[in-house]
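Visitor: What the sequence shown shows, in this note's numbering, is residues 1 to 742, in sequence order.
Careful: at least some of the hints might be erroneous.
Calculated pairs, BS3-like style, for lysine-lysine (alpha carbon to alpha carbon, straight line, at most 30 angstroms) [to be verified]: (1) 660 with 581; (2) 278 with 343; (3) 162 with 239; (4) 278 with 88; (5) 239 with 210; (6) 365 with 408; (7) 151 with 210; (8) 660 with 563; (9) 176 with 151; (10) 208 with 239; (11) 88 with 239; (12) 146 with 176; (13) 521 with 541; (14) 208 with 278; (15) 631 with 541; (16) 208 with 84; (17) 343 with 405; (18) 538 with 591; (19) 521 with 405; (20) 239 with 146; (21) 239 with 176; (22) 151 with 162; (23) 146 with 303; (24) 176 with 208; (25) 674 with 660; (26) 210 with 278; (27) 541 with 239; (28) 541 with 563; (29) 581 with 674; (30) 564 with 581; (31) 239 with 278; (32) 564 with 408; (33) 547 with 589.
Simulated restraints, written as ranges between beta carbons of each label pair [what the hints assert, rightly or not]: (34) 82 with 535: 39 to 45 angstroms; (35) 66 with 336: 40 to 46 angstroms; (36) 240 with 434: 46 to 52 angstroms; (37) 313 with 39: 40 to 46 angstroms; (38) 542 with 66: 52 to 58 angstroms; (39) 229 with 302: 39 to 45 angstroms; (40) 76 with 162: 51 to 57 angstroms.
None of these hints come from the bench; they were simulated from the model.
By construction, the Cβ of each residue, glycine as well, lies at the ideal position given by its N, Cα and C atoms.
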Amino acid sequence: MSQWSQVQQLEIKFLEQVDQFYDDNFPMEIRHLLAQWIETQDWEAASNNEAMATILLQNLLIQVDEQLDRVSQEKNLLLIHNLKRIRKLLQGKYHGNPMHIAVIISNCLREERRILAAASMPVQGPLEKSLQNSVVSERQRNVEHKVSAIKNSAQMTDQDVKYLEDLQEEFDFRYKTIQSLEQSDKNSVLIKQEMLALQAMLNTLDYKRKEVLSKIGRVIHEIDMLMGNMLTEELLDWKRRQQIACIGGPLHGGLDQLQNCFTLLAESLFQVRRQLEKLDELLTRLTYDGDPIPVQRPQLLEKVNFLLYNLFRNSFVVERQPCMPTHPQRPMVLKTLIQFTVKLRLLIKLPELNYQIRVKATIDKNVSTVSNRRFVLCGTHVKAMNMDESANGSLSVEFRHLQPKEMKSSAGSKGNEGPHMVTEELHSISFETQVCLYGLTINLETSSLPVVMISNVSQLPNAWASIIWYNLSTNDPQNLSFFNNPPAAPLNQLLEVLSWQFSSYVGRGLNSEQLNMLAEKLTGQQVGYNDYQLSWAKFCKEHLPGKSFTFWVWLEAILDLIKKHILPLWIDGYIMGFVSKEKERILLKDKTPGTFLLRFSESNLGGITFTWVDQLENGDVTFHSVEPYNKGRLSALPFADILRDYKVIMADNVPENPLKYLYPDIPKDKAFGKHYSCQPHEVSKPSDGGGKGYVPSVFIPVSKILNDSTDPHSPSDLLPMSPSVYAVLREHLSPTVIETAV
Numbered sequence: 001m002s003q004w005s006q007v008q009q010l011e012i013k014f015l016e017q018v019d020q021f022y023d024d025n026f027p028m029e030i031r032h033l034l035a036q037w038i039e040t041q042d043w044e045a046a047s048n049n050e051a052m053a054t055i056l057l058q059n060l061l062i063q064v065d066e067q068l069d070r071v072s073q074e075k076n077l078l079l080i081h082n083l084k085r086i087r088k089l090l091q092g093k094y095h096g097n098p099m100h101i102a103v104i105i106s107n108c109l110r111e112e113r114r115i116l117a118a119a120s121m122p123v124q125g126p127l128e129k130s131l132q133n134s135v136v137s138e139r140q141r142n143v144e145h146k147v148s149a150i151k152n153s154a155q156m157t158d159q160d161v162k163y164l165e166d167l168q169e170e171f172d173f174r175y176k177t178i179q180s181l182e183q184s185d186k187n188s189v190l191i192k193q194e195m196l197a198l199q200a201m202l203n204t205l206d207y208k209r210k211e212v213l214s215k216i217g218r219v220i221h222e223i224d225m226l227m228g229n230m231l232t233e234e235l236l237d238w239k240r241r242q243q244i245a246c247i248g249g250p251l252h253g254g255l256d257q258l259q260n261c262f263t264l265l266a267e268s269l270f271q272v273r274r275q276l277e278k279l280d281e282l283l284t285r286l287t288y289d290g291d292p293i294p295v296q297r298p299q300l301l302e303k304v305n306f307l308l309y310n311l312f313r314n315s316f317v318v319e320r321q322p323c324m325p326t327h328p329q330r331p332m333v334l335k336t337l338i339q340f341t342v343k344l345r346l347l348i349k350l351p352e353l354n355y356q357i358r359v360k361a362t363i364d365k366n367v368s369t370v371s372n373r374r375f376v377l378c379g380t381h382v383k384a385m386n387m388d389e390s391a392n393g394s395l396s397v398e399f400r401h402l403q404p405k406e407m408k409s410s411a412g413s414k415g416n417e418g419p420h421m422v423t424e425e426l427h428s429i430s431f432e433t434q435v436c437l438y439g440l441t442i443n444l445e446t447s448s449l450p451v452v453m454i455s456n457v458s459q460l461p462n463a464w465a466s467i468i469w470y471n472l473s474t475n476d477p478q479n480l481s482f483f484n485n486p487p488a489a490p491l492n493q494l495l496e497v498l499s500w501q502f503s504s505y506v507g508r509g510l511n512s513e514q515l516n517m518l519a520e521k522l523t524g525q526q527v528g529y530n531d532y533q534l535s536w537a538k539f540c541k542e543h544l545p546g547k548s549f550t551f552w553v554w555l556e557a558i559l560d561l562i563k564k565h566i567l568p569l570w571i572d573g574y575i576m577g578f579v580s581k582e583k584e585r586i587l588l589k590d591k592t593p594g595t596f597l598l599r600f601s602e603s604n605l606g607g608i609t610f611t612w613v614d615q616l617e618n619g620d621v622t623f624h625s626v627e628p629y630n631k632g633r634l635s636a637l638p639f640a641d642i643l644r645d646y647k648v649i650m651a652d653n654v655p656e657n658p659l660k661y662l663y664p665d666i667p668k669d670k671a672f673g674k675h676y677s678c679q680p681h682e683v684s685k686p687s688d689g690g691g692k693g694y695v696p697s698v699f700i701p702v703s704k705i706l707n708d709s710t711d712p713h714s715p716s717d718l719l720p721m722s723p724s725v726y727a728v729l730r731e732h733l734s735p736t737v738i739e740t741a742v
């Protein structure tokens, strides 16, 4: 079943979540019509490879054209109209930046997998629940409402300033007219009445000046309160959601909404600044005793400039954290001399700034003693922000060709580095720029989340564990000494993150039973883990009891095994995987003989095995577990074929396939039939081998079980079977069994 088919079967509450991330950037109509094709393309790789993204975009448009031809023949006018509009939209939006649509589609597919995993969980995880807090959603709406109200107030004040300017011009004209009269004329009754009228007008001017200054003060106060409270909290929440998304959590949206708020506030502040400049102009033409402008204007202008400085500084954010194109699902782990990408955005989108802001990237700029290792960035490390490269027109810059290079260390500096020190060292990539606008010069600086530098790909698993632990445990964006004394993590949140590793990396998360088994493995006991705090050492540094590897190394090897060798079976949900030997026997003991289940080996790294239940002649139940298959053996023969063809030779040397039903009671061929690499076929006779003189052979996995053993003596050996041996087997096996075996 395709991923999209699974999505369509979700409950309405999950479908509403799916609906939120499909829009004009990637319309749901295209996702639906091209579901199979979309899911077979490598969008993750294309999101960091421009040539590959260009080809995929072209192929996507070709697929849309083929759908257009199909619906044109069906004369579906509405669908024809929508597809033409969508094709034009995709062509125009992504022609100059094909990697952006690859990022969008990759994120959509990943979010679908996460939602599918969440739907299989009995309850929503604590981290995800906190990110979807209704209070947060209410605050978002309040921020947008207040920003809109502030913008309206600033525009209304513009009208008040214009009225004040018109009133002052009238006063100035009438006053100068009286001043131009002869002294004798000034004593007339009409002139005295005009003087009284001018005094009343001056009183009105004074009142209006005070009123305008008061309104400006209120607008400034509202902006100050909004920036100091709700907007700051919104930005911090977005940054926290970005942290969680980087380690496999829900996609973090909301940056476009934040950009809209920041931009409107900046426009309002610049509007207020122009109003204060206009008041200064009016002051030079008319002032009087008790004039409020010279008293209040300097303070208001200082406050406006202060708010603009803070608004710009907060608006400079890392939109996409550093990531190697070769490992798109392991952000913030960087390998020396390998390119990585990182994207920044200025949330204040003003046309005057397009191509006017040059951003410089550096590494460990403000760090002096965190690590003995020193790095420099090679490649293009200065680029201009612009609105042309992003599909949504944001003011951003993407560095695509940066490479970290390690500087030569001083003598003996590496002598103190243990096996974990490199992957526990945190480094910072900083970005700085300067904004010059309307007489203001503002220096901006921001940093990525801490990154781990590796020099060998073998360090990647432990480096990724460090990234997970850091971003799970703290929302401090720059605690580079974190691993000097790493805090414990709530086990329930850690298990949720581990499930995300599976949903984001191999397409299917973990259910509660699987997570319970991991909890027992981490703690060594059956405990309720809601309040349990797990140490960093237990997770990644201490070996599992009786083993030569840590929990994380064991789990990472399983992820690698699934990704490279058994992915379709995992996605279908047919691999129970995380189940102890004790629990395995409890599950199987009352089942029909020949019932089996698949689980990951606890003693071998990256191994998968199967156990089946059998019944002895005296009625006793016995269990057989085959030696785990690792990636080397699975490279030689697909796992589904192994399950199909597997044989055991009992003491009487009659081979048979003991695997009948996948737990709980699914016929084996029904579960795995679609994954068999080929249909069973007859083996050629020796005379059919051609002129080369070789006897054809096939591979069948065979185990031998002795009478006094409950486990295969030489499990899952792949034995080449010649036609002569095959002929002997045919004497002992029915045609049906032979057809299944070969």
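Visitor: Determine for every hint whether it applies to the structure shown.
Guide: Hint-by-hint comparison with the structure:
Distance hint between residue 660 and residue 581 is fulfilled; the C-alpha atoms sit about 20 angstroms from each other, no more than 30 angstroms. Proximity of residue 278 to residue 343 is assessed by CA-CA distance (about 39 angstroms); at most 30 angstroms being required, the pair is judged violated. With a C-alpha separation of about 41 angstroms, the suggested pair residue 162 and residue 239 falls outside the 30 angstroms cut-off, and the hint is violated. Taking the CA atoms of residue 278 and residue 88, the gap is about 46 angstroms. The hint is violated against a cut of 30 angstroms.
This hinted pair does not check out: residue 239 and residue 210 have alpha carbons roughly 41 angstroms apart, beyond 30 angstroms. For the proposed pair residue 365 and residue 408, the alpha carbon gap of about 17 angstroms is at most 30 angstroms, so the pair holds. Pair hint residue 151 plus residue 210 holds up; C-alpha atoms about 21 angstroms apart against a cutoff of 30 angstroms. With a C-alpha separation of about 26 angstroms, the suggested pair residue 660 and residue 563 falls inside the 30 angstroms cut-off, and the hint holds.
For a cut-off of 30 angstroms, the pair hint linking residue 176 to residue 151 is broken: about 38 angstroms separates their Cα positions. At roughly 44 angstroms between alpha-carbon atoms, residue 208 and residue 239 are farther apart than 30 angstroms, so this suggested pair is violated. The suggested pairing of residue 88 with residue 239 is violated, with an alpha-carbon distance near 34 angstroms, which exceeds 30 angstroms. The suggested pairing of residue 146 with residue 176 is violated, with an alpha-carbon distance near 44 angstroms, which exceeds 30 angstroms.
Between residue 521 and residue 541, the direct Cα distance comes to roughly 14 angstroms. Compliance with the 30 angstroms bound is thereby established for this hinted pair. With a C-alpha separation of about 14 angstroms, the suggested pair residue 208 and residue 278 falls inside the 30 angstroms cut-off, and the hint holds. Taking the CA atoms of residue 631 and residue 541, the gap is about 24 angstroms. The hint holds against a cut of 30 angstroms. Proposed proximity of residue 208 and residue 84 is contradicted: the alpha carbons are some 56 angstroms apart, above 30 angstroms.
Proposed proximity of residue 343 and residue 405 is supported: the alpha carbons are some 20 angstroms apart, at most 30 angstroms. Straight-line distance between C-alpha atoms of residue 538 and residue 591 comes to about 36 angstroms, which puts the hinted pair past the 30 angstroms bound. Pair hint residue 521 plus residue 405 does not hold up; C-alpha atoms about 39 angstroms apart against a cutoff of 30 angstroms. Straight-line distance between C-alpha atoms of residue 239 and residue 146 comes to about 22 angstroms, which keeps the hinted pair within the 30 angstroms bound.
Only pairs whose Cα atoms come within 30 angstroms are accepted, and residue 239 paired with residue 176 is rejected, the gap being roughly 60 angstroms. Between residue 151 and residue 162, the direct Cα distance comes to roughly 17 angstroms. Compliance with the 30 angstroms bound is thereby established for this hinted pair. Straight-line distance between C-alpha atoms of residue 146 and residue 303 comes to about 19 angstroms, which keeps the hinted pair within the 30 angstroms bound. A C-alpha spacing of about 21 angstroms is found between residue 176 and residue 208, which places the hinted pair at or below 30 angstroms, so the restraint holds.
Annotation: proposed proximity of residue 674 to residue 660 holds, straight-line Cα distance about 16 angstroms (limit 30 angstroms). As the CA atoms of residue 210 and residue 278 are separated by approximately 14 angstroms, the hinted pair is consistent with the 30 angstroms bound. A C-alpha spacing of about 29 angstroms is found between residue 541 and residue 239, which places the hinted pair at or below 30 angstroms, so the restraint holds. For the hint pairing residue 541 with residue 563, the CA-to-CA distance comes to about 24 angstroms; that is within 30 angstroms, so the pair holds.
At roughly 29 angstroms between alpha-carbon atoms, residue 581 and residue 674 fall within 30 angstroms of each other, so this suggested pair holds. For the given pair, residue 564 sits about 25 angstroms from residue 581 by alpha-carbon distance, which is consistent with the 30 angstroms threshold. Between the alpha carbons of residue 239 and residue 278 the distance comes to roughly 39 angstroms, so the proposed pair goes past 30 angstroms and is violated. As the CA atoms of residue 564 and residue 408 are separated by approximately 37 angstroms, the hinted pair breaks the 30 angstroms bound.
Taking the CA atoms of residue 547 and residue 589, the gap is near 28 angstroms; set against the 30 angstroms cutoff, the hint holds. Range check, residue 82 to residue 535: Cβ separation about 55 angstroms, and the 39 to 45 angstroms hint is violated. In this structure, residue 66 and residue 336 meet the distance hint of 40 to 46 angstroms, their C-beta atoms being roughly 45 angstroms apart. Residue 240 and residue 434 have their C-beta atoms about 28 angstroms apart, which leaves the hinted 46 to 52 angstroms range violated.
Under the hint 40 to 46 angstroms, the C-beta atoms of residue 313 and residue 39, about 42 angstroms apart, fit the expected range. Roughly 56 angstroms separates the CB atoms of residue 542 and residue 66, a value that falls within the hinted 52 to 58 angstroms. Taking the beta carbon of each, residue 229 and residue 302 are about 21 angstroms apart, not inside 39 to 45 angstroms as hinted. About 55 angstroms separates the C-beta atoms of residue 76 and residue 162, a value consistent with the hinted range of 51 to 57 angstroms.
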